[in-house]
Amino acid sequence: MALGPSLRLPWRWPLAPWLLVPMDDAQADHLKAYGVTYRAVERGARAEWFLNYRNGSFLLPADSASARDAALSGVTTEPLDDPELLRIRAQIQDENMDAIPLEKSPKVAVYAPPNAAPWDDAVTMVLNYAGIKFEKVWDAEVLGEKLKLYDWLHLHHEDFTGQYSKFFLNYAGAPWLADMVQRNTAMAHAQGFKTVPDEKKAVARAIGAYVERGGFLFAMCTATETLDLALASADVDIAAAYADGTPMDPAASGKMHWDRTLAFQNAQLELSPTVPVYSDIDGHQVNSLERRQPLGSFTLFNFSAKIDPVAAMLVQSHRQVIPDFYGLTTSFTRRTLKPAITVLADEPGAPWVKYIHGEHGQGTWTFLGGHDPEDPQHQIGDLPTDLSLHPHSPGYRLILNNVLFPAAKKKELKT
Amino acid sequence: MTVGSGGAAMLRSRAAAFLGAAGVLVLPLAVAAQQIDPMRRAFDLERRGSYADAAETYRAVLRRNPAESAALFGLERALLALNRSAEILPQVNAAIVASPKTVAFYGVAVRAWAAANQPDSVRRVVERWVALDPGDESPYREWGTAAIARRDRAEARRAYLAGRERLRRPDVLAPELAEVAVEEQDWPTALHEWLTAIGQTPAYHSTAVMTLGGVPESVRPDLLRQLQRESDGPARSLEANLRARWGDPAGGFESLSRALPADTTQAIDMLRIFLEQIRGQSGAKAKRAQALTLEAIADRSPGADGARLRLEAAQAFADGGDQRAARRMLSGVAADSSSPPDLASGAAMTLIGVMLSEGKLDEAERKLAEMRGSLTSEDARALSRRMAWSWARSGKLARADSLIARDTSVEGLAVAGRIRLLEGDVRGALARLQGAGPFAGTREEATERTALLALLQPIDADSVPALGRSLLQLETGDTVAALASLEKVASELPPDHGGAELRLYTGNVARAAGKQTEAERLFRAADVAEARATAPAAELALGRLLLDLNRAREAVGVLEHLILTFPDSALIPQARRALDEARGAVPRT
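From first to last, the protein sequence lines are chains A and B. Just so you know, we're using the working numbering here: the first sequence kicks off at 1 and counts up by one. Just so you know, we're using the working numbering here: the second sequence kicks off at 1001 and counts up by one.
Keep in mind the hints are simulated off the structure, nothing from the lab. In this text, a Cβ means the ideal position worked out from N, Cα and C, and glycines have one as well. Be aware that a few hints might be false.
To be verified - Here are a few chain B residues that sit away from chain A, every Cβ distance over 10 Å (derived from the structure):
(1) N1083
(2) E1165
(3) A1259
(4) Q1266
(5) A1481
Said to hold, decoys possible - Quick list of the computed label-pair ranges, beta carbon to beta carbon:
(6) B:R1553 with A:A65: 15 to 25 Å
(7) A:G144 with B:R1272: 55 to 65 Å
(8) B:R1553 with A:E135: 16 to 26 Å
(9) A:W176 with B:Q1118: 38 to 48 Å
(10) B:A1060 with A:E103: 54 to 64 Å
(11) A:Q320 with B:T1102: 43 to 53 Å
(12) B:A1060 with A:S288: 30 to 40 Å
(13) B:D1044 with A:A65: 36 to 46 Å
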């Protein structure tokens, strides 16, 4: 295609050897900065993540591809020569900062049914916006052990208890729900399970095994809570009659195997089939009019970049206090947290936390409560969030920290 | 991961050490606070989420005074948060012994025994409570609520029905029984109980509509038949609102209008409830139902209120596409001598506006002359401007000019500039459009004016009559002829003196007319090196067009070229936005 053929490109290959991608308020698009860095690593460039330096900046080699990518993405970069880079490294050495090499772009999988709307999942939205490639997997792939092809797996508002997010009665007749029921039932039968709850428990176990073998799991919204409930309820009926034909065991709370879960323990299950609440793991209980808690804001913790680089990576942000946002699971009550987990962010003074991280076997998991950081009261049928209107979203940055975190794995193991 | 967990462990250990030290420092103060005001301390602990400590503090208060109701309720709240509600039994038993006539304690006892899963004890407490006050329905309500908390709906139903029987009131506890029926998806019973509840307390109407509004489609016809068997007003009102909720606002209005009572106040109440139900709905049927409801309320409302409602009804009729009914409403308001002057003026303006939009220019002009006296001078001028532009669009340029000649406002200049342009007077149009500035008229009008200025500014000639004729063809709806003539005019102008800009303008016209192939050709023709101011706009327009044609890959190429070639262009943010859309990075707008 001929386009203004006589026009010359004013854009030039940068003269300095390095590009600093600042992540403080000088950055024009924080979210796309992760995409530019990810693609640079994907091309084989040696990038670095400067933890706590200008709110978690990135260092890229000033090759033509990175400069072009940044220009097209509207990402702010600053040319850096070697003396200036040495000065920055000296500062990093002296202060609570660290330089983490990013060596491998993780292969990303998103767990979602084939008909999932691309705009109803914060991670899918931000990966699309940042231009980070991902593949969708669902039950057949998970049970078929295809997860081993991926470094990073994301779960969002899936209900691993197999109860269709407990919307079955309140949204009876809605076409999207009918479609969800039909697809899940067909998939369960195709996989040799009698009921959807049984099949989802098997999927949860496969995901747990993926983490145990060394996978990185990031979950949001109700996937956090229901994954653990599914893992803990191997032989306990925690699903309502509409999901598996038998009512939930009224004594289910006392029969759960909390030793099999990632994050939670000793939760009390919600027994009503009509209340879209699963347990008291969630502190906000958004869909229970009597128990719903108002939204506040959550605060990211500070970690030592040199001693605890994993936690430090996960909380890199240009804002330490972030407005909270609802989800079917919004937060995690302190009472139900296992003792060995790391709390990354909480609401000071509240009996719940927002953002947690832990290890399971060889792998790690990170849970972030809530549905959409820029749509705090998200409801079914809402218009999709347009991230070009929120290029500095600190909530979405947390998700992208998780995507890049596996790229730093090697350095971290060496130390 | 060893480093991460090691660091976390270190932090935890540091935190523990800090808390240990803090504990030593804080303890004496805490003890002092407790001695000063234990209830305040308990409230504070509860507010901060330290429920176990709060519970202990409430217990300490109750040890000293077993009948201290605030402490007993506080203890109940704290234990509920800890999921240990049954542990309050010793305290509540002691409270009842200390103050056996305080009925509120029996409610706490019912809930505690229910939490302990002891239904026999629940019933025993209820019996004692009933003995204290045989006419009170609260014991049965509390008994049922406790059963529901344990998911025992059968027991809840037994409690409520026992209340009905013993109080000999078949209408009591209807909302509670309705809720049980809803939980059991027993929709006919739920409807029956809601009707009973509304008969007692009309305020339950909205709850009934909310809970029954979501019933599955398959059971709706049965519920409607059940409602039609009832003859009273509340049943009709519920039927109307449910029909509206289930997507049949017209049927809802019909049901309601058949059952409106003679009493004006009651009728207006029913209509207003229905109006609230349908107000947020869109679509022609919903708008018509809104209009009819507003008209029905207006018919029952005297003076200014009625006129205001008719004006609103006219708007709803117009939104629903029924211009005739809109005119009927507006004529009534405008001619009604009892209408407040501002309303009459507003109605007249809207009425003339409706006539203009229907192309009845002579009729509108007569109406304007007739009503001028009742209009403010500003309103009259605004209508004159609309009329002038309507005449201009119909080709009567001289008539339009004469109407606008004396209007020196910025809005008047904006209209005069566009009329000059249709006459081919480029200089005259430029002067007037520039004089109008960026704020005259609506935002859309201002944007269109800016586009016209961008089109005219590079043209050297003072007058291009062919351009005026082409634009007039466009205004009269002859798009095919207009496109051909505009392109011909563009070919006669140098690219950097209006030619490229006019091609871009014509391309936008073609695109709006659905002629995408022509639009693409024109945008590409406008993207030339000689017209550097036009090229980025042409590339953006081309990129967006390709995106609309689902040629995202080509759009990406065009938009990347634009961003990298014109990095300082004011269009870069829009180009990045379009590029995001082409790449699927953001939702399409």
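Status of each hint after checking the structure:
| no. | hint | in the structure |
| --- | --- | --- |
| 1 | N1083 | violated, 5 Å |
| 2 | E1165 | holds, 27 Å |
| 3 | A1259 | holds, 28 Å |
| 4 | Q1266 | holds, 31 Å |
| 5 | A1481 | holds, 30 Å |
| 6 | B:R1553 with A:A65: 15 to 25 Å | holds, 19 Å |
| 7 | A:G144 with B:R1272: 55 to 65 Å | holds, 59 Å |
| 8 | B:R1553 with A:E135: 16 to 26 Å | holds, 20 Å |
| 9 | A:W176 with B:Q1118: 38 to 48 Å | holds, 44 Å |
| 10 | B:A1060 with A:E103: 54 to 64 Å | holds, 60 Å |
| 11 | A:Q320 with B:T1102: 43 to 53 Å | holds, 50 Å |
| 12 | B:A1060 with A:S288: 30 to 40 Å | holds, 32 Å |
| 13 | B:D1044 with A:A65: 36 to 46 Å | violated, 59 Å |
Checked against the numbered hints listed earlier, the structure breaks hints 1, 13; every other hint is satisfied.
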